[in-house]
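Number of protein chains: 2
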Amino acid sequence: MEAPKTQDKLRENIELVQDLLSKQKLVESIVHGAQAPKQELVESLVHRQHLAELQTKLSRMHVGDIAHILEALPLDDRLTIWQQVKDRRGGDILLEVSDAVRESIIESLSQEELLSVLEQMDGDDLAFIADELPQQVLEQRLQSLTAEDQSWLRDSLKYEEDTVGDLMSNEMVVVHDTDTLAEAALKLRGLDELPIHNDKLFVVDRRGILKGVLSLQTILLNEPELSVAKVMATDVVKFAPDDDASEASKAFERYDLVSAPVVNTRGKLIGRLTVDVVMDYIRDETEEDVLNMAGLSGEEDLFAPVLDSVRNRGFWLIINLIAAFIVSRVIGLFEGTIAQLVSLAVLMPIVAAVGGNIGNQTAALIIRALTKGQISSQNTFHLVRKEVGVSILNGVMLGVVVALFAYLFYQNTALALVIGIAMLLTMIVAAIIGLSVPILLEKTGHDPALGSSIITTATTDSMGFLIFLGLATMFLI
Amino acid sequence: MEAPKTQDKLRENIELVQDLLSKQKLVESIVHGAQAPKQELVESLVHRQHLAELQTKLSRMHVGDIAHILEALPLDDRLTIWQQVKDRRGGDILLEVSDAVRESIIESLSQEELLSVLEQMDGDDLAFIADELPQQVLEQRLQSLTAEDQSWLRDSLKYEEDTVGDLMSNEMVVVHDTDTLAEAALKLRGLDELPIHNDKLFVVDRRGILKGVLSLQTILLNEPELSVAKVMATDVVKFAPDDDASEASKAFERYDLVSAPVVNTRGKLIGRLTVDVVMDYIRDETEEDVLNMAGLSGEEDLFAPVLDSVRNRGFWLIINLIAAFIVSRVIGLFEGTIAQLVSLAVLMPIVAAVGGNIGNQTAALIIRALTKGQISSQNTFHLVRKEVGVSILNGVMLGVVVALFAYLFYQNTALALVIGIAMLLTMIVAAIIGLSVPILLEKTGHDPALGSSIITTATTDSMGFLIFLGLATMFLI
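Here the protein sequences come in this chain order: A and B.
Every letter in the first sequence is one number past the one before it in this note's numbering, and letter 293, counting from 1, is 293.
Every letter in the second sequence is one number past the one before it in this note's numbering, and letter 81, counting from 1, is 81.
Certain hints may be false.
One copy or two, either will do: identical chains are not told apart, so a pair holds if it fits within one copy or between any two.
To be verified - Calculated pairs, DSS-like style, for lysine-lysine (alpha carbon to alpha carbon, straight line, at most 25 Å):
1. K268 <-> K443
2. K230 <-> K187
3. K372 <-> K86
4. K238 <-> K268
5. K372 <-> K57
6. K238 <-> K57
7. K230 <-> K86
8. K238 <-> K372
9. K187 <-> K268
10. K372 <-> K187
11. K238 <-> K86
12. K443 <-> K57
13. K372 <-> K443
14. K158 <-> K268
Since the hints were made in silico from the structure, they are not lab data.
Just chain A, with the same shape it has in the complex:
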C-alpha cells in the first residue's frame, strides 16, 4: 500500500490521475477527428492501455487517498475514476468521500449500480449513509441483511443528525462480567474480523447492562484465570444516543478516548463511538463554522453544478443584501449633510471598515468561548469590561491616525476632530455589538457562528455611519 502522507504527494496523485485522464481524452479526440474505421482499433487499444495504467495506480492507493482524488476532480473525470474503482472498493470509497461528493456519485448511478455498491457494505456502513440513499434502494438492500442488522439500521435511522446515536456503530466486542480473561481472549480470537479502534471490550451483565470496560492491555497484563469483573475498569466515560455529537467529541478530547460505550436510559449497552468518527466530526464541524462565518449555508462540492452553488450561497447573500439596504437607508438619512460636505462620503467607509473589524474580532473570540462552554453569567461582566477597555485603547490610537489622515486631505480641523471621535465611539459600540451578537444568537437557540459575521458587520456599519454622519450634522453643518 502506497501511503502518501504529505499534501504535495496528494497533489501529485491528483495531477497524475488528471494527466492519464487527459491523455486518454486527447487520444479520443484525435481518433474521432480522423474517423477512419481502422483507427477505432487503435483508440480502443490506447484507451485500454491508459485505463490499465490508471487502474494499476488506483489499485495501489489507499481508499482514503482515492476519496481525496475524487473530491479534487471535476464531475466527469470523477465519474471516470469512480468506474475504475467501484467494483472492488466502491463501498469503502463511498463512505470516505465528503457528503457533497457522495451525493454527486449516488446521483450518477442507476438503481442497479447503486445496489451493487451497497452490497459491499455491512449494516453499520449503511447506517452511516442511509439518510442520503433513495428510500426504495435502501429498502431493497435491507432485505438481504440479517434481522439483527436490519433492526440496528432502522433504530439508528431514528437518531437525529449531530447526535451520538447518529455516529455510533454496532461493531464492538462484548464479554460478560462472569467470564474469565481467558474466555474474553478466546472470544476475540473467534472473531473473523476485529472492529476498528478496538482498544477495549465492553463488559455487560446477563441483561445487557454495561458494567465496565476491559482494555486489551488489562487482558494482556493479568493472569488469564482472573474474572473479568475483578479487573475491569468501572469508572467509564459513556454516552447516551441523544447526546450532542459536538459535546461527545469534546469529551473524547478531554478524556483522551479511543472508543467509548453508548448506553440507553436503562444502562443497556447499545453501541460504540470511536475516535476516527469523532475526528471526522470535529473536522467537519469546524470547517462548517468557517464556511458559515463566510456566509455559506453548508459544505459545497468544489465542482458542484453552478445551480447547486447558487442555492448554497443564496441565503446569506440575500440576508447580506437586506442588511446592505438598511445600511444604505441609514446613510440616506444624512443625504442633506453629505450634499453640503462631500468629503464625508469619502471618509465614511473608514469608520465602517474599522468598526466591522473590531466587531468581528470580538465576535470570533466570543464564539470560540461559547463553543467551549466558557461563558457564564458571572464572567460576562469581566468580559464586557475587558473588551470595552481594549476598544477604548485601540480607538484612541486609531482615532488619532484617522484624524491626521482626514486633516492631510481636507485641512479641516473640525472634520478631523469629528472623524477621530466618531472612530473612538464606533469602536466601543462595535466591541459591545461583537460581544452581544453571538451571545444573543446562542440565547435564542441558534448556532452563535451562523451569520454572526453578517449581523455584526451590518450593525457596526449602520452604527458607524450613524455616529459619524450624526456628529458631522451636529458640528460641521
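Assemble chain B onto chain A, guided by the hints.
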C-alpha cells in the same frame, strides 16, 4: 471521578466554582468592614470552610475539567483555584490548559513554585511546554532528569513548531524482531506504567531501525511462541520529525491511526505520535484559522490583560486601516461625481457589501480546498469557470433587485441601470478576487487563511466603488 460530558454540566462546574469563590470574597469584605478582632477568627473559619468545599469539589474533577474551569475564570479567580490544585495535580493541569492560560499561570509563579510544579512532570511532558518556560528554571529542572530524558528533551527542543518532532513523545513500548510474542507480552507486564494510546508496540532490529509494528490484538490473537517478526505488520504509516504536523494530522484522519512511529532519515525509531496530541493539534489549528480570518494574530486568553489583547489585535487592525485608507482614496477620485449626485454615496455601500460577501464566500471555499490539497494546476480552470458562472447568475438576480431598490428611492432609471450593471460586474470581479487571493497567498508561501478576508474585502470594496462610481461618472454626469 465525576466526568461531566456536556457543555451545560461544564458551565455548571464553572458557575459552582465562581459561586464558592464569590461567597468567600463576600465573607472577606463583610469581615474586613467590621474590623473587630474576633471577626478574624470567624473569617478564617468561614474562609477555610469554603476553601475546603472548593477543595473537595476540585479533587473529584478530571484534570481536563479543571483546565477548562481555569480557562473560563478571570485572572485573580484563576490563580485562587490554581493554588488549590497545584500541589497534587499542577503538572498535569499545566499541560492541559491552553497556551495563553498557561502563560498567565507561569507568569504568576515564583521560580521555586514553578520548579516544584515542574518536578511533577516527566521529560516528555516538559518537552511539551519547554519553549514556554524561563530558560533558567528549565535548566535547573533538567539537572534532575536522567541522562536519557535530558538528551531527549534537548533534541526535541530543536524541532520547529508545527512539526511532527515538536509533537512526538518518547513514551513507547519497543520490542525486538527476534523476540517471541510471549517475550513481548512479558515486556508489557514489566512496565510500571503503560503509555497512553498504546495500541501497538514498535518492532526494531538490533540497530534500532524500525522493522514493523505489533498491535496488542496481534499479541492476543496469536500463539505466544510465535516470533514477533512473523506476525508484525510491515506496511506502517510512519513519520519523520521534520514532517509538517498539519499533514501528519491529516494522515491520522485518512488512515484512522491511534499511534504511529516517528523515524529519522536512517529509519531509526526516535519517537511516537498519538491521536490525542493530533486531535488537540487539529482543534488548535482550525480555531487559529477562524481567529486569523477574523483578524486576530493568535489565540487569546479570554481574560488576557487589556494591553496583551491590544497587541494581539493591533496588527490586522492597522492593515485593515491602511486598506480602508486606500478604499477611501478610490472614492476620493470621484468626489466631483458624488457632489453632483449624492444618491451615489447612499447607494455605494450596497455594491461594496455584496461584492465583499461574494469574494469571501469564494475565498472560504478555496482556502478549504487548498488546505486539503485539492487545488492542482489542471483543475483551476474548471474552478474559475464555475465561480464566474455562479457569480453571473447571482449577479443578474441581485442586480435586478438592487436596481429596483434604487429606482424605488430615486425614481431615476439611468441610476437604477448603472447600479444594476455595477452589481453584476462587481460580483464577477469579486469571485475572481476571492479565488485569486488565497491561491496567491499560498503560492508566495503564506498561509492562505491569514489575512485573506481583509485583503479580499479591501480589494472587492475598491473594485466595487471604482466600477459603480466610474460607470456613474460616464453615464450619469
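Do the hints match the structure? See the list:
Taking identical chains as interchangeable, the C-alpha atoms of K268 and K443 are never at most 25 Å apart, the minima being 34 Å within one chain and 54 Å between chains. For a Cα distance limit of 25 Å, the shortest separation of K230 from K187 qualifies both inside one copy, at 18 Å, and across copies, at 23 Å. Proximity of K372 and K86 under a CA criterion of 25 Å is satisfied inter-copy only: 23 Å between copies versus 41 Å inside one chain copy. In this assembly of identical chains, K238 and K268 lie within 25 Å of each other by CA distance solely inside one copy; the values are 11 Å within and 39 Å between copies.
Taking the shortest alpha-carbon separations for K372 and K57, only the inter-copy value of 21 Å comes in at or below 25 Å, while the best intra-copy value is 44 Å. When the C-alpha separation of K238 and K57 is checked against a cutoff of 25 Å, the pair qualifies only between copies, where the shortest distance is 21 Å, while the shortest distance within a copy is 43 Å. In the homo-oligomer, the alpha carbons of K230 and K86 never lie at most 25 Å apart, since the shortest distance is 48 Å inside one protomer and 33 Å across protomers. Proximity of K238 to K372 under the C-alpha cut-off of 25 Å is restricted to the intra-copy arrangement: shortest distance 20 Å within a copy versus 33 Å between copies.
When the C-alpha separation of K187 and K268 is checked against a cutoff of 25 Å, the pair qualifies only within one copy, where the shortest distance is 20 Å, while the shortest distance between copies is 36 Å. Proximity of K372 and K187 under a CA criterion of 25 Å is satisfied in neither setting, with 40 Å inside one chain copy and 41 Å between copies. Taking the shortest Cα distances, K238 and K86 never come within 25 Å of each other, neither inside one copy (37 Å) nor across copies (29 Å). For a Cα distance limit of 25 Å, the shortest separation of K443 from K57 qualifies neither inside one copy, at 53 Å, nor across copies, at 28 Å.
When the C-alpha separation of K372 and K443 is checked against a cutoff of 25 Å, the pair qualifies only within one copy, where the shortest distance is 15 Å, while the shortest distance between copies is 34 Å. Proximity of K158 and K268 under a CA criterion of 25 Å is satisfied intra-copy only: 18 Å inside one chain copy versus 50 Å between copies.
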